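Make one complex out of these two single chains by using the hints.
Same order as they appear, the protein sequences are chains Z and W.
Per the numbering used here, the very first residue in the first sequence carries number 1; after that it's consecutive.
Per the numbering used here, the very first residue in the second sequence carries number 197; after that it's consecutive.
Source of the hints: derived by calculation from the structure; they are not laboratory data.
Check the hints yourself; a few may be wrong.
Result set (DSS-like, lysine-lysine): computed pairs, CA atoms no more than 30 Å apart in a straight line [unchecked claim]: (1) Z:K162 with W:K216; (2) W:K275 with W:K216; (3) Z:K109 with W:K216; (4) W:K219 with Z:K162; (5) W:K216 with Z:K159; (6) W:K216 with W:K274; (7) W:K274 with W:K219; (8) W:K275 with W:K223; (9) W:K223 with Z:K109; (10) W:K274 with W:K223; (11) W:K219 with W:K275.
Covered by chain Z, per the in silico footprint, the following chain W stretches (three or more residues, Cβ under 8 Å) [claimed, not checked]: (12) 224–230; (13) 243–250; (14) 271–282.
These figures come from a predicted structure and were not determined experimentally.
Note that the Cβ used here is the ideal one computed from N, Cα and C, for glycine as well.
Listed below are the residues making up each chain.
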Amino acid sequence: MDIPYTVEVRRDTGLTNGKIAIWLFLASEVMLFGALFASYILIRTGAPDWPRGAEMLDVPLATFNTIVLITSSITMVMAWASLMRRRFGTYRIYMGATILLGFVFLTVKYFEYSHHLALGELPSTNNFLAVYYTLTGLHMLHVGGGMAVNAYFWGPGAKLWKTNPVWFTNRVEHSGLFWHFVDLVWIFLFPTLYLL
Amino acid sequence: MTSDHAAASTTSDHAADIDKHVKVYIKVFVALIVLTVVTVAVSYLDLSIAMAVTVALFIATIKGSLVAGYFMHLNSEKKLIHAVLILTAIFFVVLILLPVLTDSNGFWLDE
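With the rest of the complex left out, here is chain W (with noise of 0.2 Å):
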């Protein structure tokens, strides 16, 4: 089978499993309006800081994942761009903890 057939024929199993996609998309649809709705109700509660910041990002992180397993196809995506994104992934987490390592505070430059 030459690669030109290959596509072609995994555009039309996708099409084939096209409905049930549609379905899932619509589930996730409500479960983001929910998910939206769940995060402005809990900013009206009376939390601390820390556990506002907690319960916001936990709901962003469910919705995110939402997006981009189902949106952006992620949970059936080739290993090579899942590898793309597990190294984005670490270069962010780094990026993001950098603030608290560069502090003056920060638990090796107080030495």
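So here's chain Z without its partners, still in its complex pose (with noise of 0.2 Å):
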């Protein structure tokens, strides 16, 4: 049996089943993340002194980080513009480039880890790296994750573009919406963890 709603729309809610499906698990994925960022704030308020994130963190590198990331949220939605126009070449460069923005996001946050590291800076030594460790170690989760996500639509997902051109498309705007999630939490995590 066919999965219903993939192409056409409902009636009902006027979308297909896998748009309202990617958002409401982006809806329960702002609670995680908010349930975090509520207990850093509570952990950080009643603190008798913090840290600034620049004294800990490299600042210059988390930047590179950010533009990095940003970059492969218009990769992304470049990739599904290609689609839309039928430029299937176009979309496995974009999407080629949005897995390879992603890595080099994940090789960088390797260094910074392993730097950490190195200084014996680990999640037990205090609640500053504590939540660090927890928020980015999460979001590098997520990275992983939408990578994984699109390289599957990049190699052996995208035969379907063969057969039902639309379907395929709808599945990599609804992977893009988590990509642009992942990049929305990091565009949040960014000041709050590095600059303040």
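Here it is as structure tokens:
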């Protein structure tokens, strides 16, 4: 049996099922990160003193990573736009670039983590580092998850383009919504952890 | 018109508008980069922590709105999605305020 409402919209919601599903999932993600942000506020406001992010973390490296993630967001939306223009070759280039930029982001984070760990700065060292590792660690898991889905749509999942291009375009749009959300979370993580 | 046809016609309408959308995406991208530079530059000013938090979160909110509005197409999304997100936003605000409300010096627990 075919999955219903992948291409045609439901009369009651005005949406495909995939679209409403990804937004409901993102709503739950807002609450997940929201709980951690609330914990961060509670711990920070309750602490007698708290280091400024720049004293503990590498701001230029994180600025570079912010630009990398923002760039990956535009390549992601351009991948979707390429499918809307029926240019599959261009889609592959943009989607490939998005995956590559995700890889660059994770590589930079690897060097950041390695640096801290080499200095003996562990999550157990202090509350600042506990918050830093928890929030950036969870965010990195999301980057990795997004990359895996995007890699599937770049590779084997792209076969769907030949048989059902509209469904494939919708899938890429939904994957993009997740990717932009991951970018959005970083937009708030970057100043709150590194700059304040 | 069947719903299949409706979806196909929506797709072709989007295809016709897509060049216009791409120009907007590029403008949004430039704005996001500029705002990132501004955020970092402001952090080097000698602002009080309260002012620094206000400015940083203000810029982050603008950046987040640009991503959500244009890259995630929220500014042209269906009402149901907006309804879901309004509900989420209400719960999110409550969640963020929980530390304030449950603090030992909170306004009701202090009675």
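*Against which earlier hints does the structure fall short, listed by number upward?*
As far as the earlier hints go, only 3 is violated by this structure.
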